[in-house]
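Peer 1: Join the two chains, each given in its own frame, into one complex according to the hints.
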Amino acid sequence: MKKVQFQSRWMPYLLLLPQLSIVTIFFLWPAAEAVRSSFYLEDPFGFSSTFVGFDNFIDTLTSTDYGRVARFTALFTFFVTFLSLGIALLLAVKADKVLRGASTYKTLLMWVYAVAPPVAGLIGVLLFDQHVGPMVDFFAMFGWPMQIGVDAFDTSFAMIVTAVWKQIPVNFIFFLSGLQGISKSVQEAASIDCRSGFRRFWTVTFPLLAPTGFFLLIINITYAFFDTFGIIDVIVKNEPGNNPVTLVYKVYLDGFRGNDLGGSSAQSVILMAMVFVLTIIQFRLIERRVHYT
Amino acid sequence: MKKVHITDHVILLLGVFFMVTPVVLAFLTSTHDAITIYKNGIQFVPGDKFLENYETVLFQAGGFTKKVNGLVMLKNSMILGLGFAIGKIVISMLAAYAIVYFRFPMASLCFWLIFSTLLLPLEVQILPSYEIVQSLGMVNTYSGLIVPLIASATGTFFFRQFFMSVPDELLEAARIDGAGPWKFFKDILLPLSKTMIAAIFIIMFVYGWNQYLWPTLITTDESLFTLVRGIKQILQVWVGAQIPAFNQAMALTILAIIPPVLVVVIFQSWFVKGLVESDK
Numbered sequence: 001m002k003k004v005q006f007q008s009r010w011m012p013y014l015l016l017l018p019q020l021s022i023v024t025i026f027f028l029w030p031a032a033e034a035v036r037s038s039f040y041l042e043d044p045f046g047f048s049s050t051f052v053g054f055d056n057f058i059d060t061l062t063s064t065d066y067g068r069v070a071r072f073t074a075l076f077t078f079f080v081t082f083l084s085l086g087i088a089l090l091l092a093v094k095a096d097k098v099l100r101g102a103s104t105y106k107t108l109l110m111w112v113y114a115v116a117p118p119v120a121g122l123i124g125v126l127l128f129d130q131h132v133g134p135m136v137d138f139f140a141m142f143g144w145p146m147q148i149g150v151d152a153f154d155t156s157f158a159m160i161v162t163a164v165w166k167q168i169p170v171n172f173i174f175f176l177s178g179l180q181g182i183s184k185s186v187q188e189a190a191s192i193d194c195r196s197g198f199r200r201f202w203t204v205t206f207p208l209l210a211p212t213g214f215f216l217l218i219i220n221i222t223y224a225f226f227d228t229f230g231i232i233d234v235i236v237k238n239e240p241g242n243n244p245v246t247l248v249y250k251v252y253l254d255g256f257r258g259n260d261l262g263g264s265s266a267q268s269v270i271l272m273a274m275v276f277v278l279t280i281i282q283f284r285l286i287e288r289r290v291h292y293t
Numbered sequence: 001m002k003k004v005h006i007t008d009h010v011i012l013l014l015g016v017f018f019m020v021t022p023v024v025l026a027f028l029t030s031t032h033d034a035i036t037i038y039k040n041g042i043q044f045v046p047g048d049k050f051l052e053n054y055e056t057v058l059f060q061a062g063g064f065t066k067k068v069n070g071l072v073m074l075k076n077s078m079i080l081g082l083g084f085a086i087g088k089i090v091i092s093m094l095a096a097y098a099i100v101y102f103r104f105p106m107a108s109l110c111f112w113l114i115f116s117t118l119l120l121p122l123e124v125q126i127l128p129s130y131e132i133v134q135s136l137g138m139v140n141t142y143s144g145l146i147v148p149l150i151a152s153a154t155g156t157f158f159f160r161q162f163f164m165s166v167p168d169e170l171l172e173a174a175r176i177d178g179a180g181p182w183k184f185f186k187d188i189l190l191p192l193s194k195t196m197i198a199a200i201f202i203i204m205f206v207y208g209w210n211q212y213l214w215p216t217l218i219t220t221d222e223s224l225f226t227l228v229r230g231i232k233q234i235l236q237v238w239v240g241a242q243i244p245a246f247n248q249a250m251a252l253t254i255l256a257i258i259p260p261v262l263v264v265v266i267f268q269s270w271f272v273k274g275l276v277e278s279d280k
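Top line first, the protein sequences correspond to chains A and B. For what it's worth, UniProt numbering labels the leading residue of the first sequence as 1, then goes sequentially. For what it's worth, UniProt numbering labels the leading residue of the second sequence as 1, then goes sequentially.
Treat each hint with caution, since some may be false.
[To be verified] Computed list of lysine-lysine pairs in BS3-like fashion (alpha-carbon distance at most 27 Å, straight line):
| no. | chain 1 | residue 1 | chain 2 | residue 2 |
| --- | --- | --- | --- | --- |
| 1 | A | K184 | A | K106 |
| 2 | A | K237 | B | K67 |
| 3 | B | K194 | B | K183 |
| 4 | B | K273 | B | K194 |
| 5 | B | K75 | B | K39 |
| 6 | B | K49 | B | K67 |
| 7 | A | K2 | B | K273 |
| 8 | B | K194 | A | K2 |
| 9 | B | K273 | A | K97 |
| 10 | A | K184 | A | K97 |
| 11 | A | K106 | B | K194 |
| 12 | B | K273 | A | K106 |
| 13 | B | K75 | B | K186 |
| 14 | B | K273 | A | K184 |
| 15 | A | K237 | B | K39 |
| 16 | B | K49 | B | K39 |
| 17 | A | K2 | B | K183 |
| 18 | A | K2 | B | K186 |
The set of hints was computed from the structure by calculation and includes no laboratory data. What you are looking at is a predicted structure, and each value in this text was computed from that prediction instead of being measured.
Next up, chain B with everything else stripped away, as it sits in the complex (with noise of 0.2 Å):
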């Protein structure tokens, strides 16, 4: 039915030129040395320093206390990606199952004050939130970090809609074998969510390791910087240099960009999946 013209690819390839060359450029800078980028502008092919500017960015201290290097960012974002994610799962998965297999005084009341949050990003309000954070003392810990994000209803909203979509009978049927809601949870609506769950995992361990506002606000302990928090804190030192060392940071931003895309790209299938459906 469909005639496939030349012009097609043609713009597919454009646009696919767009989208890689930014990303490209940036590793390939990261293969040389500062020298050679600061006279001769990027260069368009690899370098020889490739394996010399990982094995700085990531095993050399630096920041301003020389307490931070690229091995102790990739594991405070890689806490961060997961902790979230899991927290994120585990509590929304509970709060969406009460709100929709339980009969209880105030359930709506429950199910507005969470979906409110639905409403408003945390950016909005940041300066309170930073404020009840600090107040709380939770400033330059991971629990500070992490469970601030977890505040909006999104994953909850996600489980809602799936299991609205489960059919009635399942619980029927489980009640009359004598089922009580710990054990049709586990053994029944468990199973059934397991693609949900990757899906949302996947897209919340992204959403979590690219977290940029909240984290520079919260860690001002150089050690618990992640990749994407600390990059900027780092270039300030090299660029502040009077050859900016733009080879390293790319190398820093290679890092920060390969595991969630890598992710991305690996279950491709499900990270479709569940960003289709979730934001509906």
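One chain only, chain A, in its complex shape (with noise of 0.2 Å):
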């Protein structure tokens, strides 16, 4: 906090007011929703509801179709979380050791940041296509015959491949600004120690990134759970059926398509858990970042 500050019976209430207020009806009320009606169960008309304590979390955990989901989510989030961000950083080491046309290549590497989830979902659909898509008659060339929506590898691939796409610029953008950090000094130091620019690149360069490295694993983490939903609602079409789908999806699906107030609200309880725990991850991350750089 500063050292100075104003005084004032009612100016920094007013001032917080509209943030407050928004706060408390559009975020702090759902969330104790959420966990209030994740210990009953309402009838999906919603004349009536019973509590059952611990009920729905039991149902939920233990159903074979939320397993199935889980584990889906689980390698989703690690190939998505990987790929782009092993890609982006090959194109920020790149394009911060050229000089010539940097800028262009820079600005052509990045804009993808501002197509929309579901944009980029419905342009993976038109290429992915069944009967219009060059990827299809692409890998048709290899022997591998894609059916997206119909074979659920096929359609994991086709949303994987979408999702890493639009993730790559943030990670580009982050990662190069990570290494336009370096000092100078210490690139030409380490270049007169170490003239193998691969090992150089792993025993200093790859070191001093691993700040942003390991805040932008939480960012993509979170990308792959929760901003994906636009990919995956394009790309499955509304046919959830056999469809791979991701643990948000999952809370949507039962939610508003299956009626379950009680299962629904219990998944959203559980993500919430598990997304607390990852945010304590970053702050401590992030604390550390302010302490020592």
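Peer 2: Encoded structure:
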């Protein structure tokens, strides 16, 4: 906090009023409501509800469907995170190196940031379409008959490619600014001590980028969990039956399509706990960065 | 010091190819007629139906109720993007100013109430959020669309960080000169924050424009559809047809992409600064 501050009986409250009321009505209230209804069983028409204790949680966690979705979410998150981080890091290192055309490369590699996830999904649907999609023709040359929307593996593949495509720009921007923040003198000292550029990268540059990398890891996990909703929704085309979906998508499906208020809320609460843990890790990382850099 | 090899350029060009090609193909698709695409697959050269297709999606009413066209959706997207960005900046600047520059009872309680929103994205508690907004009668209104999205404190967090970095001497000097809280905010803090406001504005505009799940739930009236929300709905009508109108779907897609991309590319340096510094 600041050493010098204003004193006023009413002004700070007046300034905080808009934000606090929005937070209370549209965040704290729904959050409390989610926790409350996760302990109740409501009939589909909303006329009555019974307290059922932890039944909703037990039902959710023991259902095979939830297990399947949880496993897919884990795999999906893993591939999206590591592929988009890896590709972005490679591109950032190269973009940091070249002088000629550097800013053109930078612009061309980052503008996809502005494309909305469902719009990315729609372009994915076009490229992987059974009849007109060039990707299907391409993979058919290698003897892989792709059937998006029919075959779960092929659908997952299309989802991952689209999600990675959409996420590369953010990672690229952060890695590039991280690389440009490494001082010239460190780089020069390193290049005198070590001739191999490859080794120099792993022993000097990579550790210096580690804080950015950890931070991005959390950002990417959150992205794969929540922001891919639009991509998945467009690619599964309202037919979630056999198609792979993520945990967040299941919350939406069970709540709005299945009318299972208690089950959907229990899933929300489980997700809240997961996000809470992730956020604590993230805050601790930020603290460390603030203190030691 | 650094030797640039031809492979560096090759890798970068491959990256650019991967990022750019999908959207280029989407654009090229939007310049053909549906039958050509259906018969021969996606075309890799521009067609001659550019004007015709874009005119159709912009001005011809579509959807189930025939109340919506591209122009209406473009307007709604603009309202959502601008309304969200402006609302968020105003509200979060005021809150951050109170938190950083005032000493008052329950300050830390207010702080934690606001920053608890950073913990959970709207998607996690989507069902209760919807029910509450519905019970307030805000379904199918612009305020129901925009205000709940503002609840997350990302903007407040960012302005708090920025205000903390403003030297204390400025406030001391202002107080010696007899400036009150409002004058200090208006004449010193606001001009100092100009670049930051611009950076946050760009990020929030893109974020608001690209919203999907919330608009899908809150707007069922087609005249309130945004481009990102409406594409899928309208696609259902078209793709359900015997010959899927991929050309028109892609024309709408391109319309949904252009404004946020332009904003990001034109104000690139602000955008990068805002993104890298706000997410810390």
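Peer 1: Out of the numbered hints, which ones does the structure contradict?
Peer 2: 5 and 13
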